[in-house]
Amino acid sequence: MNGIHDLGGMEGFGAIDVESDEPTFHEGWQGRAFALNMLGIGILRAYNADEYRHAVERMAPAHYLGASYYERMLTGATTLLVEKGVLDLATLESIAGATIPLARAVADVVEDEIVEPAAASFAVGDRVRVRGVQFRGHTRVPRYVRGKTGVVLHVAPAFGHPDTSAHGFAARSEPTYHVEFEATELWGEDDLAGESVVVDLWESYLEAPQ
Amino acid sequence: MNGIHDLGGMEGFGAIDVESDEPTFHEGWQGRAFALNMLGIGILRAYNADEYRHAVERMAPAHYLGASYYERMLTGATTLLVEKGVLDLATLESIAGATIPLARAVADVVEDEIVEPAAASFAVGDRVRVRGVQFRGHTRVPRYVRGKTGVVLHVAPAFGHPDTSAHGFAARSEPTYHVEFEATELWGEDDLAGESVVVDLWESYLEAPQ
Amino acid sequence: MSGGDRIATPAERVAAVERALTDEGRIEAGTLDGLAASAEQQFDWHNGARVVAKAWTDPTYKARLLADGTKACAELGFEGPQGEYIVVLENTPTLHNAVVCTQCSCTAWPVLGLPPDWYKAPAYRARLVRAPRGVLAEMGVELAADVRVRITDTTAETRFLVLPLRPAGTEDWSEEALAAIVTRESMIGVALLTV
Amino acid sequence: MSGGDRIATPAERVAAVERALTDEGRIEAGTLDGLAASAEQQFDWHNGARVVAKAWTDPTYKARLLADGTKACAELGFEGPQGEYIVVLENTPTLHNAVVCTQCSCTAWPVLGLPPDWYKAPAYRARLVRAPRGVLAEMGVELAADVRVRITDTTAETRFLVLPLRPAGTEDWSEEALAAIVTRESMIGVALLTV
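Residue numbers (this note's numbering), protein chains in the order written: chain F, 1 to 210; chain Y, 1 to 210; chain L, 1 to 195; chain G, 1 to 195.
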């Protein structure tokens with residue numbers, strides 16, 4: 001989905017504020033929110049990491065931007081625990097005595113919308129192009145590289161394909177490629193020469209350039 | 001700029017709620033906010049419409065998404081009245097007894113970054129491609145048509161070029177073209193055949209396809 | 001900032017700006033309310049309904065409207081800000097038009113009025129160009145599969161008015177009666193007219 | 001909703017979820033705090049500093065680290081979630097690497113710890129890929145014009161660790177002394193090390 005989470009290349013966010021000697025958690029609830037998500041994925045096995053990422057992406061955009069990382073994590077985890085039937089929203093709200101905002105429902109995507117496994121494999125040094133197809137569900141192709149051409153720097157082992165895994169479709173694994181794009185290719189500005197961005201892309205996100 | 005205002009094609013915003021018999025203004029302050037912007041542009045002549053649009057685009061993204069249209073208008077107008085020296089922020093906050101959020105400062109763009117006036121003109125029926133260059137200031141090229149190819153449906157008269165006008169650079173005017181893009185070209189999905197999007201683009205945003 | 005931690009409400013912010021402008025002699029008391037009231041009167045979508053009804057009943061007017069929307073709207077007195085260059089998009093049995101402004105909320109004020117909230121909300125601005133037929137269906141515009149759907153994004157200075165299909169069963173209606181069934185939504189392209 | 005109009009704070013939401021899971025016997029009291037505490041201990045960026053210092057002082061370890069980051073980190077006991085496939089990016093006098101995750105905030109937890117707030121904030125995620133050299137300069141990384149800048153976006157399952165340049169003047173330092181000057185920011189690529 002072209003969601004609010006897909007921030008690469010967006011402008012207008014202001015300065016980057018680095019806090020020195022930052023603690024792991026600034027408040028106690030943040031550690032418990034982190035633990036809750038570890039629990040949901042790793043111990044209760046109520047959902048997987050791709051479903052989790054997609055749940056965060058499904059947050060209302062204004063909520064997403066206004067929330068801290070751990071509030072986003074908490075919202076994704078709580079949404080999935082409710083959607084999977086582990087917890088009941090009314091019970092939670094009754095305990096809290098207040099409304100608990102969840103993420104929006106999953107779009108009604110069907111398995112046919114997932115692009116077929118790649119026909120081609122690539123090697124280090126190959127030029128590749130990011131396919132233009134846009135999946136309405138979870139995907140890990142950033143908007144800013146769609147249709148762009150780069151060069152393979154590294155081939156990683158096969159990992160589970162997130163578009164299928166996040167939606168419970170038939171599991172499949174594919175190698176991922178670290179693809180280097182010149183910044184001039186991405187943003188069309190000559191003064192970005194000598195700068196590049198490497199994006200790690202599943203095989204079926206790519207095609208040979210024409 | 002790739003700002004939060006450039007919403008075309010984004011997903012995750014939920015349902016479209018149409019209110020029947022909607023009034024022009026729902027609350028009194030909305031009419032006064034609208035009037036303030038008319039005043040700033042047309043009567044005080046403190047700023048122009050392109051500067052106004054850019055001021056709204058410069059709002060912090062979370063503020064932008066959380067604000068209604070008239071709050072966005074009010075924020076843009078107030079920001080420009082302060083930036084142009086018509087009003088003083090401290091005075092306003094003293095009157096209000098509370099903080100008044102403004103938009104972020106203009107990026108430090110320079111005139112050289114504006115693409116040169118177009119070398120080519122186009123006619124109805126011509127195929128044209130949207131140039132890939134991305135201006136960090138105000139521009140009216142939506143992200144979703146960058147690099148895409150379409151067909152000219154209509155040639156409109158010359159209008160002031162917003163990228164220059166919004167930043168006080170040397171004024172210039174160019175025809176705008178109503179360019180029709182097939183939805184399959186924009187989104188890569190075959191099932192969008194028979195659907196298209198027309199975008200109205202200044203001449204220097206376009207080039208002849210290779 | 002001198003305002004403390006609380007964020008002023010939009011109403012408080014407008015009041016502060018109005019007060020400061022008044023204190024400095026830039027405007028008089030009531031200036032903003034006066035401008036708002038005249039905008040509310042001047043920018044009225046019922047004007048567009050009159051344009052549509054006249055085009056349905058007067059073929060030569062319709063030809064002028066499609067050839068030069070700005071001039072044909074001005075013939076009826078509808079002109080002014082955000083109406084400097086109006087193009088009319090004719091719906092036909094094989095082509096359905098709808099209008100959006102993805103970047104802000106540009107609208108042909110003299111004939112469509114100031115835009116309604118749903119038109120200005122992120123959901124409409126974001127979604128219509130991404131799934132034209134699907135979003136229209138969700139809004140109640142069910143089109144046959146062979147009707148082409150064309151969305152126009154108001155990204156420059158042209159302002160658009162959709163000329164909806166005249167509903168069947170209105171063949172002998174007067175221009176006034178026809179104007180009364182035209183809705184703002186139909187002139188943006190997100191509703192079909194029936195009687 | 002049964003919760004009324006007020007939105008629960010994040011702390012209240014976690015507490016409600018914890019209480020409901022406890023009531024249903026899914027977890028015991030203290031389970032979440034226990035997991036948080038062990039995560040805080042296990043995922044520590046000082047681990048990465050030890051990897052870097054060892055690579056600076058032991059050429060054969062450095063060769064193993066660049067050939068198979070996962071295995072070389074595990075040699076020192078640094079492995080686990082978000083460390084299943086680690087690739088080390090070596091900075092050189094002519095190439096500067098920095099790492100981001102534009103889509104969420106993926107990080108090599110076993111060697112970089114849980115990511116800091118600035119790494120997870122929209123500004124860093126949005127801006128670094130758009131203006132690599134400019135954003136790094138803004139963050140204090142001033143690079144000569146002939147140094148190539150390469151940003152790596154953590155969009156799949158590989159996790160990245162930057163091997164920073166060893167600062168001049170540390171030629172005879174011990175591995176322990178070197179580890180103490182390595183910062184988390186330098187291993188993400190947004191700081192240069194000096195002594």
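Treat the hints as calculated values from the structure; they're not laboratory data.
Among these hints, one or two may not hold up.
Far from chain L, by Cβ distances over 10 Å, these chain Y residues were calculated [unchecked claim]: (1) 17; (2) 32; (3) 101.
Straight-line Cα separation of at most 30 Å, DSSO-like style, residue types lysine-lysine; simulated pairs [to be verified]: (4) L:120 to L:71; (5) Y:84 to L:71; (6) G:71 to G:54; (7) L:71 to Y:148; (8) G:120 to F:84; (9) G:71 to G:120; (10) G:54 to G:120; (11) L:54 to L:120; (12) L:71 to L:54.
Glycine included, every Cβ here is placed at the ideal spot set by N, Cα and C.
Tested hints:
A beta-carbon of chain L is positioned within 10 Å of the beta-carbon of residue 17 of chain Y; the least distance is around 6 Å. For residue 32 of chain Y, the shortest C-beta to C-beta distance to chain L comes to about 4 Å, within the 10 Å cut-off, and the non-interface label is violated. The Cβ of residue 101 of chain Y does not lie farther than 10 Å from every Cβ of chain L; its closest approach is about 6 Å, which violates its non-interface assignment. Pair hint residue 120 of chain L plus residue 71 of chain L holds up; C-alpha atoms about 27 Å apart against a cutoff of 30 Å.
For the suggested pair residue 84 of chain Y and residue 71 of chain L, the alpha carbons sit about 36 Å apart, so the restraint of at most 30 Å is broken. With a C-alpha separation of about 14 Å, the suggested pair residue 71 of chain G and residue 54 of chain G falls inside the 30 Å cut-off, and the hint holds. For a cut-off of 30 Å, the pair hint linking residue 71 of chain L to residue 148 of chain Y is broken: about 33 Å separates their Cα positions. Distance check on the hinted pair: residue 120 of chain G and residue 84 of chain F sit about 27 Å apart at the alpha-carbon level, within 30 Å; holds.
Among the hinted pairs, residue 71 of chain G with residue 120 of chain G is consistent with the structure: their alpha-carbon atoms are about 27 Å apart, no more than 30 Å. For the proposed pair residue 54 of chain G and residue 120 of chain G, the alpha carbon gap of about 28 Å is at most 30 Å, so the pair holds. For the proposed pair residue 54 of chain L and residue 120 of chain L, the alpha carbon gap of about 28 Å is at most 30 Å, so the pair holds. Taking the CA atoms of residue 71 of chain L and residue 54 of chain L, the gap is about 14 Å. The hint holds against a cut of 30 Å.
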